[in-house]
Amino acid sequence: MSAQQPPADTPAATEQAPATVAVLAGGLSHERDVSLRSGRRVAGVLRDAGLEVQVLDVDSELLPRLAKLQPDVVWPLVHGSTGEDGSLQNVLDLVHAPYVGSEAAACRLASSKPVAKALLRQAGLSTPDHAALPQSVFREVGARGVLDAVERDLGLPLVVKPAAGGSALGVTVVHAADQLPEAMVSCFAYGDVALLEKAVHGVEVAVSVIDVEGGPRALPAVEIVTEGPYDYDARYNAGRSEYFVPARLNEAQTATVHDLAVAVHRTLGLRHLSRTDMILDDEGTAWFLDVNVAPGMTETSLFPQAAIADERDLSDIYLAIVEAATRT
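Counting with the UniProt record's numbering, you get residues 1 to 328 for the letters of the sequence shown.
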(Lines of atoms letter the chains of each structure in order from A and count residues from 1; the text may use other names and numbers.)
(Lines give C-alpha, C1' and ligand atoms only; values in the text may rest on other atoms or scores of the structure.)
Protein backbone atom coordinates (compact mmCIF):
# COMPACT_ATOMS: atom_id res chain seq x y z
CA MET A 1 0.00 0.00 0.00
CA SER A 2 1.35 3.41 -0.92
CA ALA A 3 2.28 5.86 1.80
CA GLN A 4 -0.42 8.34 2.72
CA GLN A 5 0.17 11.77 1.14
CA PRO A 6 0.22 14.71 3.52
CA PRO A 7 -2.62 17.22 3.28
CA ALA A 8 -1.97 20.12 0.89
CA ASP A 9 -1.71 22.64 3.70
CA THR A 10 0.93 20.82 5.75
CA PRO A 11 4.52 22.14 5.92
CA ALA A 12 5.78 19.12 3.95
CA ALA A 13 3.70 20.16 0.98
CA THR A 14 4.33 23.90 1.05
CA GLU A 15 7.13 25.49 -0.91
CA GLN A 16 10.25 26.29 1.05
CA ALA A 17 10.33 29.96 2.04
CA PRO A 18 13.06 32.04 0.37
CA ALA A 19 16.13 32.81 2.42
CA THR A 20 16.10 36.07 4.34
CA VAL A 21 19.16 38.29 3.99
CA ALA A 22 19.93 41.35 6.09
CA VAL A 23 22.19 43.73 4.19
CA LEU A 24 24.05 46.03 6.58
CA ALA A 25 24.91 49.44 5.15
CA GLY A 26 25.56 53.01 6.22
CA GLY A 27 27.34 53.44 9.52
CA LEU A 28 29.22 56.54 10.58
CA SER A 29 32.45 56.30 8.59
CA HIS A 30 33.56 58.72 5.86
CA GLU A 31 32.33 56.10 3.36
CA ARG A 32 28.71 56.07 4.55
CA ASP A 33 27.27 57.23 1.23
CA VAL A 34 29.20 54.60 -0.75
CA SER A 35 28.07 51.93 1.71
CA LEU A 36 24.40 52.87 1.32
CA ARG A 37 24.71 52.75 -2.47
CA SER A 38 26.44 49.37 -2.24
CA GLY A 39 23.72 48.03 0.04
CA ARG A 40 20.91 49.11 -2.26
CA ARG A 41 22.58 47.55 -5.31
CA VAL A 42 23.20 44.18 -3.64
CA ALA A 43 19.71 44.13 -2.17
CA GLY A 44 18.23 44.74 -5.61
CA VAL A 45 20.14 41.84 -7.17
CA LEU A 46 19.19 39.45 -4.37
CA ARG A 47 15.52 40.45 -4.47
CA ASP A 48 15.43 39.92 -8.23
CA ALA A 49 16.87 36.44 -7.56
CA GLY A 50 13.94 35.63 -5.26
CA LEU A 51 15.38 36.27 -1.79
CA GLU A 52 13.76 38.26 1.00
CA VAL A 53 16.07 41.20 1.70
CA GLN A 54 16.09 44.03 4.20
CA VAL A 55 18.68 46.81 4.24
CA LEU A 56 19.54 47.80 7.80
CA ASP A 57 21.53 50.86 8.80
CA VAL A 58 24.30 50.25 11.32
CA ASP A 59 23.11 52.26 14.29
CA SER A 60 21.96 51.77 17.89
CA GLU A 61 18.87 49.88 16.70
CA LEU A 62 20.78 47.32 14.64
CA LEU A 63 20.86 44.48 17.17
CA PRO A 64 17.17 44.71 18.11
CA ARG A 65 16.28 44.74 14.40
CA LEU A 66 18.44 41.68 13.74
CA ALA A 67 16.90 39.88 16.72
CA LYS A 68 13.41 40.58 15.37
CA LEU A 69 14.24 39.71 11.76
CA GLN A 70 16.27 36.56 12.50
CA PRO A 71 17.86 36.53 9.01
CA ASP A 72 19.37 33.41 7.53
CA VAL A 73 22.43 35.43 6.48
CA VAL A 74 23.80 38.90 7.16
CA TRP A 75 25.73 40.64 4.37
CA PRO A 76 27.86 43.45 5.89
CA LEU A 77 28.51 46.20 3.35
CA VAL A 78 29.80 48.83 5.73
CA HIS A 79 32.96 50.40 4.33
CA GLY A 80 35.70 51.99 6.38
CA SER A 81 37.02 51.20 9.83
CA THR A 82 34.08 49.67 11.71
CA GLY A 83 32.89 47.60 8.78
CA GLU A 84 36.26 46.25 7.69
CA ASP A 85 38.49 46.15 10.78
CA GLY A 86 36.71 43.18 12.37
CA SER A 87 34.58 45.17 14.81
CA LEU A 88 31.25 44.57 13.11
CA GLN A 89 32.17 40.94 12.47
CA ASN A 90 32.90 40.49 16.18
CA VAL A 91 29.45 41.82 17.02
CA LEU A 92 27.84 39.42 14.55
CA ASP A 93 29.82 36.57 16.11
CA LEU A 94 28.54 37.54 19.55
CA VAL A 95 24.91 37.27 18.42
CA HIS A 96 25.65 34.10 16.40
CA ALA A 97 24.54 35.58 13.08
CA PRO A 98 25.99 33.88 9.98
CA TYR A 99 27.53 36.52 7.71
CA VAL A 100 29.10 37.04 4.34
CA GLY A 101 32.79 37.84 4.25
CA SER A 102 35.92 37.25 6.25
CA GLU A 103 36.00 36.53 9.96
CA ALA A 104 37.02 39.19 12.44
CA ALA A 105 40.67 38.15 12.82
CA ALA A 106 41.27 38.10 9.07
CA CYS A 107 39.52 41.45 8.68
CA ARG A 108 41.91 42.98 11.20
CA LEU A 109 44.93 41.75 9.28
CA ALA A 110 43.60 42.90 5.92
CA SER A 111 42.25 46.28 6.99
CA SER A 112 45.61 47.48 8.29
CA LYS A 113 47.59 48.18 5.14
CA PRO A 114 51.01 48.04 6.89
CA VAL A 115 50.18 44.71 8.56
CA ALA A 116 48.82 43.20 5.35
CA LYS A 117 51.87 44.35 3.39
CA ALA A 118 54.24 42.89 5.97
CA LEU A 119 52.50 39.51 5.95
CA LEU A 120 52.36 39.37 2.16
CA ARG A 121 56.00 40.37 1.77
CA GLN A 122 56.92 37.67 4.29
CA ALA A 123 55.04 35.23 2.04
CA GLY A 124 57.17 36.28 -0.93
CA LEU A 125 54.66 38.56 -2.66
CA SER A 126 55.68 41.93 -4.12
CA THR A 127 54.57 45.15 -2.49
CA PRO A 128 56.19 48.62 -2.72
CA ASP A 129 58.64 49.81 -0.06
CA HIS A 130 56.90 51.89 2.56
CA ALA A 131 56.92 53.42 6.03
CA ALA A 132 53.97 53.50 8.45
CA LEU A 133 54.11 56.56 10.71
CA PRO A 134 51.61 57.61 13.39
CA GLN A 135 50.80 61.27 13.79
CA SER A 136 52.43 61.27 17.23
CA VAL A 137 55.89 60.50 15.83
CA PHE A 138 55.92 63.79 13.95
CA ARG A 139 55.29 65.69 17.17
CA GLU A 140 57.85 63.71 19.15
CA VAL A 141 60.69 63.48 16.62
CA GLY A 142 60.02 66.55 14.50
CA ALA A 143 58.07 66.65 11.26
CA ARG A 144 60.77 68.14 9.05
CA GLY A 145 63.40 65.60 10.00
CA VAL A 146 61.02 62.67 9.52
CA LEU A 147 59.85 63.90 6.12
CA ASP A 148 63.45 64.48 5.00
CA ALA A 149 64.27 60.89 5.97
CA VAL A 150 61.23 59.62 4.08
CA GLU A 151 62.27 61.51 0.96
CA ARG A 152 65.87 60.22 1.13
CA ASP A 153 64.89 56.60 1.75
CA LEU A 154 61.77 56.10 -0.36
CA GLY A 155 62.40 58.79 -2.96
CA LEU A 156 59.84 60.61 -5.04
CA PRO A 157 57.20 60.22 -6.27
CA LEU A 158 55.49 58.46 -3.40
CA VAL A 159 51.92 57.86 -2.31
CA VAL A 160 50.62 59.06 1.05
CA LYS A 161 47.51 57.28 2.31
CA PRO A 162 45.77 56.43 5.60
CA ALA A 163 46.93 53.09 6.99
CA ALA A 164 43.28 51.99 7.14
CA GLY A 165 40.15 52.89 5.23
CA GLY A 166 39.29 52.93 1.56
CA SER A 167 37.73 54.76 -1.38
CA ALA A 168 41.03 56.65 -1.82
CA LEU A 169 40.01 59.12 0.90
CA GLY A 170 43.05 61.03 2.16
CA VAL A 171 45.30 59.65 -0.61
CA THR A 172 47.81 61.94 -2.34
CA VAL A 173 50.47 61.23 -4.95
CA VAL A 174 53.47 63.38 -4.02
CA HIS A 175 55.84 64.42 -6.82
CA ALA A 176 57.81 67.14 -5.00
CA ALA A 177 59.10 67.51 -1.44
CA ASP A 178 57.13 70.71 -0.82
CA GLN A 179 53.90 68.75 -1.38
CA LEU A 180 54.57 66.35 1.48
CA PRO A 181 53.34 68.49 4.43
CA GLU A 182 49.96 69.15 2.80
CA ALA A 183 49.65 65.47 1.87
CA MET A 184 50.26 64.49 5.49
CA VAL A 185 47.58 66.91 6.75
CA SER A 186 45.08 65.47 4.26
CA CYS A 187 45.97 61.91 5.27
CA PHE A 188 45.67 62.52 9.02
CA ALA A 189 42.15 63.89 8.50
CA TYR A 190 41.12 60.26 7.90
CA GLY A 191 43.26 58.38 10.41
CA ASP A 192 46.06 58.58 12.96
CA VAL A 193 48.58 56.48 11.01
CA ALA A 194 49.94 57.38 7.57
CA LEU A 195 51.36 54.92 5.08
CA LEU A 196 54.01 56.45 2.85
CA GLU A 197 54.60 54.16 -0.09
CA LYS A 198 57.05 54.26 -2.98
CA ALA A 199 55.08 54.94 -6.17
CA VAL A 200 55.02 52.11 -8.70
CA HIS A 201 54.24 52.75 -12.35
CA GLY A 202 52.33 50.49 -14.70
CA VAL A 203 48.80 49.27 -15.39
CA GLU A 204 46.34 49.72 -12.51
CA VAL A 205 44.35 46.53 -12.06
CA ALA A 206 41.75 45.26 -9.60
CA VAL A 207 41.16 41.54 -9.28
CA SER A 208 38.17 40.25 -7.33
CA VAL A 209 38.10 36.77 -5.81
CA ILE A 210 35.13 34.58 -4.95
CA ASP A 211 35.59 31.72 -2.51
CA VAL A 212 32.32 29.80 -2.55
CA GLU A 213 33.05 26.25 -3.64
CA GLY A 214 36.29 24.44 -4.34
CA GLY A 215 38.55 27.23 -3.12
CA PRO A 216 39.18 30.85 -4.16
CA ARG A 217 38.90 31.79 -7.83
CA ALA A 218 39.74 35.07 -9.54
CA LEU A 219 37.07 36.90 -11.52
CA PRO A 220 38.09 38.73 -14.72
CA ALA A 221 40.61 41.47 -13.97
CA VAL A 222 39.43 45.09 -14.26
CA GLU A 223 41.85 47.61 -15.78
CA ILE A 224 41.40 51.19 -14.59
CA VAL A 225 42.31 54.17 -16.75
CA THR A 226 41.79 57.64 -15.37
CA GLU A 227 43.19 61.10 -15.93
CA GLY A 228 44.91 62.10 -12.72
CA PRO A 229 44.70 60.03 -9.53
CA TYR A 230 42.10 57.32 -9.09
CA ASP A 231 40.59 59.26 -6.20
CA TYR A 232 37.13 59.28 -4.58
CA ASP A 233 35.56 61.36 -7.34
CA ALA A 234 37.11 59.19 -10.06
CA ARG A 235 35.80 56.04 -8.38
CA TYR A 236 32.18 56.99 -7.82
CA ASN A 237 31.28 59.60 -10.43
CA ALA A 238 30.62 58.07 -13.82
CA GLY A 239 32.75 59.44 -16.62
CA ARG A 240 35.92 60.21 -14.66
CA SER A 241 37.40 56.75 -15.20
CA GLU A 242 37.39 54.20 -18.00
CA TYR A 243 37.29 50.48 -17.23
CA PHE A 244 38.31 47.54 -19.36
CA VAL A 245 36.85 44.19 -18.34
CA PRO A 246 38.62 41.90 -18.82
CA ALA A 247 41.81 43.95 -18.56
CA ARG A 248 43.84 44.40 -21.74
CA LEU A 249 46.50 41.91 -20.69
CA ASN A 250 48.07 38.96 -22.42
CA GLU A 251 47.67 35.43 -21.10
CA ALA A 252 50.82 35.50 -18.96
CA GLN A 253 50.00 38.91 -17.47
CA THR A 254 46.45 37.81 -16.72
CA ALA A 255 47.74 34.73 -14.92
CA THR A 256 50.14 36.91 -12.91
CA VAL A 257 47.48 39.30 -11.61
CA HIS A 258 44.99 36.49 -10.94
CA ASP A 259 47.63 34.52 -9.04
CA LEU A 260 48.48 37.53 -6.86
CA ALA A 261 44.85 38.14 -5.92
CA VAL A 262 44.28 34.49 -4.99
CA ALA A 263 47.56 34.39 -3.04
CA VAL A 264 46.55 37.51 -1.09
CA HIS A 265 43.15 35.97 -0.30
CA ARG A 266 44.75 32.73 0.91
CA THR A 267 47.66 34.31 2.82
CA LEU A 268 45.42 36.61 4.84
CA GLY A 269 42.88 33.87 5.53
CA LEU A 270 39.97 35.62 3.82
CA ARG A 271 36.70 33.95 2.87
CA HIS A 272 33.75 34.30 0.46
CA LEU A 273 34.97 37.38 -1.43
CA SER A 274 37.73 39.96 -1.63
CA ARG A 275 39.23 42.44 -4.06
CA THR A 276 42.93 43.14 -4.48
CA ASP A 277 44.22 46.35 -6.03
CA MET A 278 47.61 46.21 -7.72
CA ILE A 279 49.95 47.70 -10.30
CA LEU A 280 51.39 45.53 -13.09
CA ASP A 281 54.72 47.09 -14.13
CA ASP A 282 56.49 46.93 -17.49
CA GLU A 283 58.66 44.01 -16.32
CA GLY A 284 55.58 41.91 -15.58
CA THR A 285 55.67 42.15 -11.77
CA ALA A 286 52.33 42.60 -10.02
CA TRP A 287 52.69 44.89 -6.98
CA PHE A 288 50.15 44.55 -4.17
CA LEU A 289 48.64 47.87 -3.07
CA ASP A 290 45.55 47.06 -1.03
CA VAL A 291 42.95 44.39 -0.31
CA ASN A 292 39.27 44.96 0.39
CA VAL A 293 37.25 42.54 2.52
CA ALA A 294 33.99 44.44 1.88
CA PRO A 295 34.51 45.72 -1.66
CA GLY A 296 32.23 48.42 -3.01
CA MET A 297 29.14 47.23 -4.88
CA THR A 298 27.90 50.50 -6.43
CA GLU A 299 27.12 50.98 -10.11
CA THR A 300 30.75 52.00 -10.79
CA SER A 301 32.43 49.59 -8.36
CA LEU A 302 34.98 47.05 -9.52
CA PHE A 303 33.66 43.81 -7.97
CA PRO A 304 30.28 43.90 -9.76
CA GLN A 305 31.97 44.85 -13.03
CA ALA A 306 34.17 41.75 -12.72
CA ALA A 307 31.20 39.57 -11.74
CA ILE A 308 29.17 40.73 -14.74
CA ALA A 309 32.06 39.78 -17.04
CA ASP A 310 32.46 36.32 -15.49
CA GLU A 311 31.18 33.06 -16.99
CA ARG A 312 28.55 32.96 -14.23
CA ASP A 313 26.08 35.82 -14.13
CA LEU A 314 25.96 38.42 -11.40
CA SER A 315 22.94 37.07 -9.53
CA ASP A 316 24.36 33.53 -9.60
CA ILE A 317 27.59 34.76 -8.01
CA TYR A 318 25.75 36.73 -5.31
CA LEU A 319 23.50 33.76 -4.56
CA ALA A 320 26.54 31.47 -4.30
CA ILE A 321 28.13 33.90 -1.83
CA VAL A 322 24.97 33.90 0.32
CA GLU A 323 24.83 30.10 0.18
CA ALA A 324 28.48 29.83 1.20
CA ALA A 325 27.77 32.06 4.21
CA THR A 326 25.01 29.73 5.39
CA ARG A 327 27.53 26.88 5.54
CA THR A 328 30.15 28.73 7.62
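Since the hints were derived computationally from the structure, they do not count as laboratory data. One thing to keep in mind: the hints can contain errors.
Stated by the list, open to error - Straight line, CA to CA, 25 Å or less: simulated SDA-like cross-link-like pairs of lysine to any residue:
hint: 1; residue 1: K198; residue 2: P216
hint: 2; residue 1: K198; residue 2: V137
hint: 3; residue 1: K198; residue 2: A123
hint: 4; residue 1: K68; residue 2: P114
hint: 5; residue 1: K68; residue 2: R40
hint: 6; residue 1: K198; residue 2: V159
hint: 7; residue 1: K68; residue 2: A309
hint: 8; residue 1: K198; residue 2: H96
hint: 9; residue 1: K68; residue 2: H30
hint: 10; residue 1: K68; residue 2: A106
Query raised in the report: Within a Cα-Cα threshold of 25 Å, do K198 and A123 meet the stated pairing?
Result: 20 Å, holds
Requested in this report: Mind checking the alpha carbons of K68 and H30 for me, to see if they're no more than 25 Å apart?
Outcome: Given that 25 Å is the threshold and the Cα spacing comes to 29 Å, the pair is violated.
Query raised in the report: Are K68 and A106 close enough, with their CA atoms no more than 25 Å apart?
Result: Status violated; Cα separation ~29 Å.
**Report entry** Pair hint K68 and P114, alpha-carbon separation not exceeding 25 Å
**Finding:** 39 Å, violated
Query raised in the report: Within a Cα-Cα threshold of 25 Å, do K198 and H96 meet the stated pairing?
Result: Roughly 42 Å between the alpha carbons, so the hint for K198 and H96 is violated.
Query raised in the report: Regarding the pair K198 and P216, is the alpha-carbon distance no greater than 25 Å?
Result: 29 Å, violated
Report task. Would you mind confirming whether the straight-line C-alpha gap from K68 to R40 stays at or under 25 Å? Result -> 21 Å, holds
Requested in this report: Verify the proposed pairing of K198 with V137, using a straight-line Cα cut of 25 Å.
Outcome: Answer holds: K198 to V137 is near 20 Å, not above 25 Å.
Requested in this report: Take the C-alpha atoms of K68 and A309, compute the straight-line distance between them, and say whether it is at most 25 Å.
Outcome: 37 Å, violated
Query - Hinted pair K198 and V159, Cα distance within 25 Å - result: Roughly 6 Å separates the two Cα atoms, so the pair holds.
Hints 1, 4, 7, 8, 9 and 10 from the list above are not met by this structure, while the remaining hints are.
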